[in-house]
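Same order as they appear, the protein sequences are chains H and C. Per the working numbering, the first sequence runs over residues 1 to 416. Per the working numbering, the second sequence runs over residues 1 to 416.
Read the hints as simulated data drawn from the structure, not as lab findings. There's no promise every hint is true.
[Claimed, not checked] Computed spacing ranges between beta-carbons, pair by pair:
(1) C:Met387 x H:Thr20: 25 to 31 angstroms
(2) C:His73 x H:Asp380: 43 to 49 angstroms
(3) C:Thr72 x H:Gly86: 42 to 48 angstroms
(4) H:Glu147 x C:Gly86: 34 to 40 angstroms
(5) C:Ala111 x H:Thr20: 33 to 39 angstroms
(6) H:Met387 x C:Phe262: 24 to 30 angstroms
(7) C:Glu88 x H:Glu147: 54 to 60 angstroms
(8) C:Gly86 x H:Glu194: 34 to 40 angstroms
(9) H:Glu194 x C:Glu88: 33 to 39 angstroms
(10) C:Gly196 x H:Arg175: 33 to 39 angstroms
(11) C:Glu253 x H:Asn113: 32 to 38 angstroms
(12) H:Asp171 x C:Ala249: 34 to 40 angstroms
We put the beta carbon where it would ideally sit given N, CA and C, even for glycine.
Now for the letters of each chain:
Protein chains: 2
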Amino acid sequence: MRVDVVAVGTELLLGQIVDTNSSWIGEQLAAHGFDSLLQIKVGDNLGRVETAFRGALAAADAVIVCGGLGPTHDDLTRDAIARVMGVELEMHDDIADRIREMFSARGRYFAENNLRQAQVPAGAEVIVQTRGTAPGLICPVTIDGVEKVLYAVPGVPHEMKEMVERAILPDLHARSGEVAVIASRTLRTWGDSESGLNEKLDPIIAELDTAGNPTLAFLASGWEGLKIRLTAKAETAAEVDALLEHWSARVQEVVGQHVFGFDDDTMESVVLDMFRTRGLTLGLAESVTGGLVAGRLTAISGASDVLRGAVVSYASEVKFEVLGVAPGPVVSETAAAEMAVGARRVLGADVGLALTGVAGPTEQDGMPVGTLCVGLAIGDDVLTTTMRLPGQREQMRQMSVINALDYLRRQLIARQ
Amino acid sequence: MRVDVVAVGTELLLGQIVDTNSSWIGEQLAAHGFDSLLQIKVGDNLGRVETAFRGALAAADAVIVCGGLGPTHDDLTRDAIARVMGVELEMHDDIADRIREMFSARGRYFAENNLRQAQVPAGAEVIVQTRGTAPGLICPVTIDGVEKVLYAVPGVPHEMKEMVERAILPDLHARSGEVAVIASRTLRTWGDSESGLNEKLDPIIAELDTAGNPTLAFLASGWEGLKIRLTAKAETAAEVDALLEHWSARVQEVVGQHVFGFDDDTMESVVLDMFRTRGLTLGLAESVTGGLVAGRLTAISGASDVLRGAVVSYASEVKFEVLGVAPGPVVSETAAAEMAVGARRVLGADVGLALTGVAGPTEQDGMPVGTLCVGLAIGDDVLTTTMRLPGQREQMRQMSVINALDYLRRQLIARQ
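Extracted from the complex, chain H is given alone in its bound form:
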């Protein structure tokens, strides 16, 4: 089944907003076994929006439209759908009441144009809003005698995502005639390349290619790690779970410690959880990353259970005076070790992790751009390692964050 996407909004064409919605929808469609072969951005112009809808419907079995459902005169998706369906817009009283109530509950002034959002093309089914004001729409359309469907969802990403997951993907499965339940599990990995993982997993991939279920895909996500996604299909949720359980165990057996987590886990959340489970606290000393490790860990609510704090020792004197590093080259394993010990002591933590290195643009202390020295003070040990990382300044710094946290994770596993 081919499901194309149309994103509506002049701001998308002007580059004021990047269209991440259709990328996200494309990813979901692929995971659920639907083809998305064309994705279009069109501005807020009734004629062009209508033309885009007709063109997309001519080529695809279903079309998902995002954006253009708001209250202003620029929001033309409803009008264009009514033209394509050849019907009128009808005021939907339940939706109108709901919108009025939302405004009154929040004590906000109610402008009458908000009721535009309660207009529904005759014959369309409503996807009830659970978060905002504009409802989504499921619109049956007949094109050259063939029954197709156009879905419309708001352009606000969290409203759009909720409706796609709750209403559109199930409706697509129902229309595709499949009664299957589909679900995915993602293994998050760090430490091997896509080609490396591909080679190791070759026998499993061959088995899966023959079986056809589940499917396995690699998704490169930069400094978020490389994802391996298994998508399984079966008649019941229990069967899907069993398939995912079996094959993710098979994959993990091969990939081993490179798997740091599953689904929504991040390297930061995994490391924080490991510390929490062990009842340990962490103190950081950051030089090359200048606070990014602490910044990423504290993005997670509840990090305060684990993270005591960090000393960002950007100037060498701060390394010497605050952390007690002995004078000498500051991009070295010796300095990293002393920084880790210093961070643990100064911040009163159980474990000290330190990063010093060269982000560029030029070399430092005779060490090339991309050098990262990590120090770890844990129990009675002080461990160090040196890595050569790729990339210019920002990429090198972000790669340093995940590499240092991964080093910490592996050391914690080794000490279990």
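With the hints as your guide, set chain C onto chain H.
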């Protein structure tokens, strides 16, 4: 002149990469006075790529294609263009030599399929590569008796941007029959809303609407600030500069200190420059932002001239023991003041800046989510302020960074 955009690549439809290229191209086209009314993503399938090119050319005067110019069998843009032009691909010896030389200079193995990138549709003009291997193309096409043009550039963003600026925008201006020079200046602002700025600038906007040159546009960029972009057109670069100079001074007169910089300036680069000019150093104490202020400042190469470092005092004990904050509520102006003084002392800096607040999800010390207390130790003074910021955890934290730096910037100006 209507210039539409086609992005080629299956990875874009699958959501593995977000198509930021066409957003960027759309922004440039708008700044140069060209309309972009439709932007399409299509996968690596020869028939569909050809259909997309034909459809786009039928509606627009010119089409910019990005992606699909690489060396692999999936890179089909050249083949599809040749079909649309009704010509053959020809091997271009100069390009082939250049690609071979690049591989040999970098000591990399040369796979023969790299020569696919030296194939050029007969009659197309080459946009020489200055950064990578695949050249760009300028392809004249006749559609229904009308002469149009299709440009092709690589999908690698920095290669694409360089070619659009160097070759495509000038070529479009030449074709549009205008001899004008067009340039923009962006005023970066923080501290007032779009509607607030709009109201203040109303008389200037009315004047510009009448004159038609330069044009003025607001671009909201979240926690990067609100941009006011002036785009001027004239026969010579000197005239354009004079127009931009005059009108940006007029705008600045009205907007005043909300203007923190121009063009590529960021709040971080501006604050670092002000410190550097004054010969001052900075030390940070971060609680709610957990290292993000230091992380953003150190993203700028040369930050080490100014930034001594930071104490990320996430645990209250670190505030008390390392920074010398007196026991008591840690989300308060008193604590912020003591943190700033402590950071200045511990880090040996001239100026201390501190942030403490509540990022959520729940309130703390009786203070609601969104509370930010800033402390500033500068000269003989210790200043504090409290703000209420919008947003959930990550947004609140990022808003804290720019608001605290903006507070620091205004205090530095006040002390000139």
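Verification of the supplied hints:
no.: 1; hint: C:Met387 x H:Thr20: 25 to 31 angstroms; result: holds, 29 angstroms
no.: 2; hint: C:His73 x H:Asp380: 43 to 49 angstroms; result: violated, 57 angstroms
no.: 3; hint: C:Thr72 x H:Gly86: 42 to 48 angstroms; result: holds, 45 angstroms
no.: 4; hint: H:Glu147 x C:Gly86: 34 to 40 angstroms; result: holds, 38 angstroms
no.: 5; hint: C:Ala111 x H:Thr20: 33 to 39 angstroms; result: holds, 34 angstroms
no.: 6; hint: H:Met387 x C:Phe262: 24 to 30 angstroms; result: violated, 38 angstroms
no.: 7; hint: C:Glu88 x H:Glu147: 54 to 60 angstroms; result: violated, 43 angstroms
no.: 8; hint: C:Gly86 x H:Glu194: 34 to 40 angstroms; result: holds, 39 angstroms
no.: 9; hint: H:Glu194 x C:Glu88: 33 to 39 angstroms; result: holds, 36 angstroms
no.: 10; hint: C:Gly196 x H:Arg175: 33 to 39 angstroms; result: violated, 48 angstroms
no.: 11; hint: C:Glu253 x H:Asn113: 32 to 38 angstroms; result: holds, 36 angstroms
no.: 12; hint: H:Asp171 x C:Ala249: 34 to 40 angstroms; result: violated, 57 angstroms
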